[in-house]
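Engineer: So the sequence lines, in the order shown, correspond to chains F and H.
The opening residue of the first sequence carries number 9 in my numbering; numbering runs sequentially from there.
The opening residue of the second sequence carries number 1396 in my numbering; numbering runs sequentially from there.
Incorrect hints may appear among the rest.
Here are the computed lysine to any residue pairs in the SDA-like style, where the Cα-Cα straight-line distance is at most 25 Å [what the hints assert, rightly or not]: (1) Lys1573/H to Asn25/F; (2) Lys1573/H to Gln57/F; (3) Lys1409/H to Leu117/F.
Everything labelled a hint here was simulated from the structure, so no lab data went into it.
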Amino acid sequence: MISCDECQKKLVAAFDNEAGKEDDQLISSHLIDCCECRAFYQDMVLLRQQFVSVTVPTLPAAVGQELMRIAQADSLRSNPRGHDRNSSREPLLLRFPRLTWASGLAAALLVVSSLLACYALTKRVVDLKQQLQTSRQELAVVQQDLTVARAEDKREEARQREQRAITALYLRMAELEERVDRFSSPRTTFLPTQLNELSSKQSDL
Amino acid sequence: MTDYTDEELMSFVKNQGISAFEELFRRYERRVFAFFCRLVGSAEQARDYTQETFLRLWKGRARYAPKGRFSTYLFQIAKNHFLHEYQKQKHRISLELLSTEALQKPSEKTVPSDSTYSQVVAGEIRSAVSEAVTRLPEIHRLVYVLSEEQRMSYREIADVMDCPVGTVSSRKVEAVRKLRKLLEPLRDELFGKESQ
């Protein structure tokens, strides 16, 4: 069994969440029999309720403005080289809090525009590759046609050579047949010069 | 709104960071002002104390060493200033009645003239409790206000007061006992002996 003094100490600590769970049983068993400590606890609760229910006014804005003015003047005095707010080593976002959302928005826009630019460039590259592929295919067809044409030209040339050879052979054969006929006939033997005279007379006639 | 901790902001203040000092003031002005309002019972005096506390914070920025929490450091300055002023004005402190009209915000309605008896009584009780707190000895007053108003733990109060945790607990109990004694006439007058 604890004394009233100890109980009230533990009550205050428990009320401020500073006591351990092991004190709850001791406090409870003491409060059952002690009306003074029960009154102490009730008054403590009432005191807190009344104390915190009083509304505290707000500090006038002029206090803060005066404070900053004094701090600024003191800062200039301690740094005669003309230290100003913008030349301190504070992070930029601390000196200009509104930059936070503005910079975030700018960063988002930059990312979106970069993604769009990348997409457009990629699409252009794909289109150009397709055009290159098509052009290569057309070139291959043309080259194939050219090869075919050249082959045909060669064949035509060969055929013409053959034709000329055949014609020459025919002429040769005719010439030889004529000679054979001429030399095989016994009745008429003319000298070439007499043949020439005979032919000229016939033509005069 | 920046995401810097109080300790980081104070490190900027050490390097002439006016913006960081302004941010710290914005974060703590209400707490410090409420602290002094509870302690001294006068909004005007609390305003001066608040301004002086932050001025001391600024002027002593070079001495700041991030050993503990910044709030503890700030309230140490506030406590020291209060005790210093209290000693100076010990014989000249006039206990003002802390009326509800003086503490309410200008935009809030005061108790209407045709208010019920219970509202008037409630206002008187609050006034009496606030006044009784200002009548506590300064050490008990500090502990009570730091515990009830600022909701600091005994460990934090011990750091501010520079005393052991057990001492904080004892002073808090003494504060409650003294308040009960100061408010004894009020309880007898308004509630009789019912609560006993």
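Engineer: Could you run down the list of hints and mark each one as holding or not?
Structural biologist: These are the hints, each one checked on the structure:
1. Lys1573/H to Asn25/F: Holds, at roughly 21 Å.
2. Lys1573/H to Gln57/F: Roughly 17 Å between the alpha carbons, so the hint for Lys1573/H and Gln57/F holds.
3. Lys1409/H to Leu117/F: 36 Å, violated
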